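S.K.: Starting from the structure of chain S, add chains Y and E where the hints point.
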Amino acid sequence: MSAIPLVSISRLTKHFGGLTAVQDLTFDLHPGEILALIGPNGAGKTTTFNLVAGVFAPGEGSIALGGERIDGLPVHAIAARGLMRTFQHNMPFAGMSLTDNILVGCHTRCSDSLFDILIGRRRVRRRETAARLRAAELIKFVGLQDRIDDDVSALSFGEGRLLELARALAGEPRVILLDEPAAGLTQPEMTRLGAIIRDIAARGVAVLLIEHDMHFLLPLAHRVVVLNFGRKIAEGTPEAIVRDRQVIEAYLGEAVGDLAMRPASA
Amino acid sequence: MRLLRDALIWFAAIAAASALAFWLGGYATDVYRKMLIWVALALSYNFLFGIAGQVAFSHFAFAGVGAYAIVIFAHQLGLPFGLAFILALALSAALAFVVALPSTRLEGFYLALATLAFSQLVLVVISEGGDLTGGTGGIANYRLPHVFDVTISGPWYTVVLVLLVASTLWMLRRLDRSAFGRACRAIRDNAVAAAAMGIDVRRIKVLAFTLTSTLAGLAGIAYAYIDNVINPPVFGLENIFLLLFMIIVGGAGSHIGAIIGAVFLYLAPFVLEPIVGHGFMVVFGVLVVLTILFQPSGLAGLVNRWPARRAT
Amino acid sequence: MSDLLELVVSATASGSIYALVALAYLLILRPTSIINFAVGEWAATGAFVGVAAQTTLAWPALDGPYWLAVIAVLVCLGALGWLVEALTVRPLIARGANITSPILALLGVLVIFRESLTMLFGADPLPSPPPFGFKRVAFGLFAGVPQQFLIITVTFVLFAAVWLFFERTVWGRAFEAVALNRRAAALMGINLRRVTTFAFVSGAMVAGLAGLLMSPLTSAHYMMGLPLAIQGFTALVIGGVGRVEGALLGGLVLAFVEQLGARYLPIPSGLTLGFPFVLLILFLFLRPSGLMPPREAR
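Residue numbers (the numbering used here), protein chains in the order written: chain S, 1 to 266; chain Y, 1 to 312; chain E, 1 to 298.
Chain S extracted, bound-state conformation:
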């Protein structure tokens, strides 16, 4: 694990009206690391994700990617700098083929001018060929090669998840954000997903994920950041986290049902 952080989040704060969704949040993410963000509903996990991905601009604090400030940049500009994400609910491009869905992920790697496309520049053709090779590879990597000719709306929920993952990977990201990747998956699908995520991290990609399923998460994550009411209440290895009293009280204890009563903050 590298000592220089790839993503640095520093003193991040976001209010929605009178509600504080994220308060004074600071953590780093290193290349090749799998970092999990956990916490009860409304703790600010999804808000943090949206801040990092550029959906909202933070009220205070900063986010840096590879030393460059990215807070306040639009979503597509952050993605183009190598930060890709998946969504909590699958969002395939329903009118496009499976391969084209993944090729969309390559967009930042092959965005040529219309003129270059029209005159058929060699660079354009070379990039297109490379992108298609990469898409084919990724389809195999996530194991969707048998569904290549099928309508993407015909994919199962789990297959849709894998498609989203392959699509995000197609952009050759340095950081990948996974929003509850295991939710709704069957046990065998979860096992496969865990292996794929480990594989991604092993290639040096930093993985930041939100997850509720502790059985999936604890063996997978290198480090865990726990949020409650928008604040970081603990950070450490999974082993340390499960022993942390504050965490047990806030989240892992029996009181989970009560926590769901708190106002959901986006």
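In short, the hints are calculated from the structure, not lab data.
Fair warning: this is a prediction, and the values are worked out from it, not measured in the lab.
Any given hint could be a false lead.
Stated by the list, open to error - Listed next, with one range per pair, are the computed distances between beta-carbon atoms:
| id | chain 1 | residue 1 | chain 2 | residue 2 | range |
| --- | --- | --- | --- | --- | --- |
| 1 | Y | 290 | E | 127 | 29 to 39 Å |
| 2 | Y | 10 | S | 129 | 18 to 28 Å |
| 3 | E | 33 | S | 62 | 33 to 43 Å |
Claimed, not checked - A partial selection of chain E residues facing chain Y, derived with a Cβ cut-off under 10 Å:
| id | residue |
| --- | --- |
| 4 | 102 |
| 5 | 104 |
| 6 | 113 |
| 7 | 114 |
| 8 | 180 |
| 9 | 181 |
| 10 | 226 |
| 11 | 230 |
| 12 | 234 |
| 13 | 270 |
| 14 | 280 |
Think of the CB as a built atom: it goes at the ideal place given N, C-alpha and C, for glycine as much as any other residue.
M.R.: Okay, now just chains Y and E, sitting in the frame of chain S:
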């Protein structure tokens, strides 16, 4: 090898469509020429509506801008034809860009209404333009001038229209199969996910609108020399509905669908009119509703389905 | 001065018609998110049904009262609205189709209505008998034909009723709940399908009423639908799609700008035709929430 085969298919199609121009005559030529304009407009409108997912009602307005601009520049103001042509095209493109910048921020059908208002304004301006635009009567009695001492007339002008359709199709197909086309379709299907994949949604939307509207302007320029007369009603709302219906019935998002839809709906009245009179528009309305309800991929979807069935 | 006051009456009457068409849009748009461009044709249909009821159905002999024609229009348009909803919108919503699908299908419906009107009633304008004659009447300083005052009265009463419906009744509350959040409303046990049907039926009735009311001033004509559709939508955008009162305000603003501009601005009359379009574009680009922004969700 595939390249050669593709080139041969293009050549054969252009040759066949051109040959038809020499074989037809009189009224049939006029019908054929206007059909070619419809096909050219349908192709670019299909890219805008079917591929980029923008329901815009300004396509005929831009055709009108192109047509009026070429006639005003070349004949009312007497500029050299080459210069007039470039100016007319540039004006279409510039106006399209100016309309696209604010319009593409609007969601869904609000874009349709903003562009509808724009095209009505264009109509008001050309109807009230006095001597420059000829008012509600339009402009007539001008002729396609010599370009490099060559006079294009008769069936050769029809060949020009065939080449217009062919080059429009070639361009749009090429763009559709590139990262640009995929970005357009991705935005149509899910703009939020498209942005997360690094697509600059606004930029792609503006590009798609400007490009296709400029192509409409080009088709308008070509239209101006079919009958050597232009007048406002051609560029009004009636035709934009028909164009939209062509795309829906043919199959939105498919180039071949746009061609089939345009040819089918353009020629249908010639068959239907003797039977149901002016009621053919009712038939079109019913056809559109039925297509949306039961065959969303349109006629192109029917065509595509057949070989797929055979293969499995 | 009397010129200006006369213009006030005529602009208020036209604005009321725009407001009614805007209300027809709003009733459908709020709970379903569907912009139904066919409301203009429904207004035209209302005008023709009104004329047909008063002239062809042995009416002159019976000397039937005007309110029977009103009922004929409401019943016919309600039935047509229901039919259109059941045949085109409902299956598309059930299938979970993209929201553009029903909007485009309704454009098909628009053409079907307009061309059917042409075939049934011919392409020439049909004069529509006004219930209170053409004799000028004056209320204090304000003078106009009786039809103008009828339009204004009916519109204001109807808007008051609709406002009360949304504010004070359970059904109105259900409508609002669906408008704010379809999924949450469904979870609360509101029958979405019934609300959608009700939206189309009531929208068609209001549109038909607008056409009926306006026809004595303009005649019933098959080309009246599309301009009304555009003016009604412009009124809606000016007022803001979130509030019933907005539709009324937007209609009046549009009509006053049109008529004051045409009368007092030193530009060719043809160019004044462009006013609604300029207004529509300005509001869409600069103030998309309209003059009356929606209330905060409660």
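S.K.: Each of the hints needs a verdict: does it hold here or not?
M.R.: Going down the list of hints, with the structure as the test:
1. 290(Y) x 127(E): 29 to 39 Å: This hint holds: roughly 36 Å between Cβ atoms.
2. 10(Y) x 129(S): 18 to 28 Å: Since the Cβ atoms of residue 10(Y) and residue 129(S) sit about 22 Å apart, the hinted range of 18 to 28 Å holds.
3. 33(E) x 62(S): 33 to 43 Å: Check passed, 38 Å falls within 33 to 43 Å.
4. 102: 8 Å, holds
5. 104: Result: holds, 6 Å to nearest chain Y Cβ.
6. 113: At about 8 Å, which falls below the 10 Å cut-off, the nearest Cβ of chain Y leaves the hint on residue 113(E) intact, so it holds.
7. 114: 8 Å, holds
8. 180: 17 Å, violated
9. 181: 18 Å, violated
10. 226: For residue 226(E), the interface hint holds, since the closest Cβ of chain Y sits about 7 Å away, which is under 10 Å.
11. 230: 7 Å, holds
12. 234: 8 Å, holds
13. 270: Cβ of residue 270(E) sits 4 Å from chain Y, so the hint holds.
14. 280: 4 Å, holds
The structure is inconsistent with the numbered hints 8, 9, although it conforms to all the rest.
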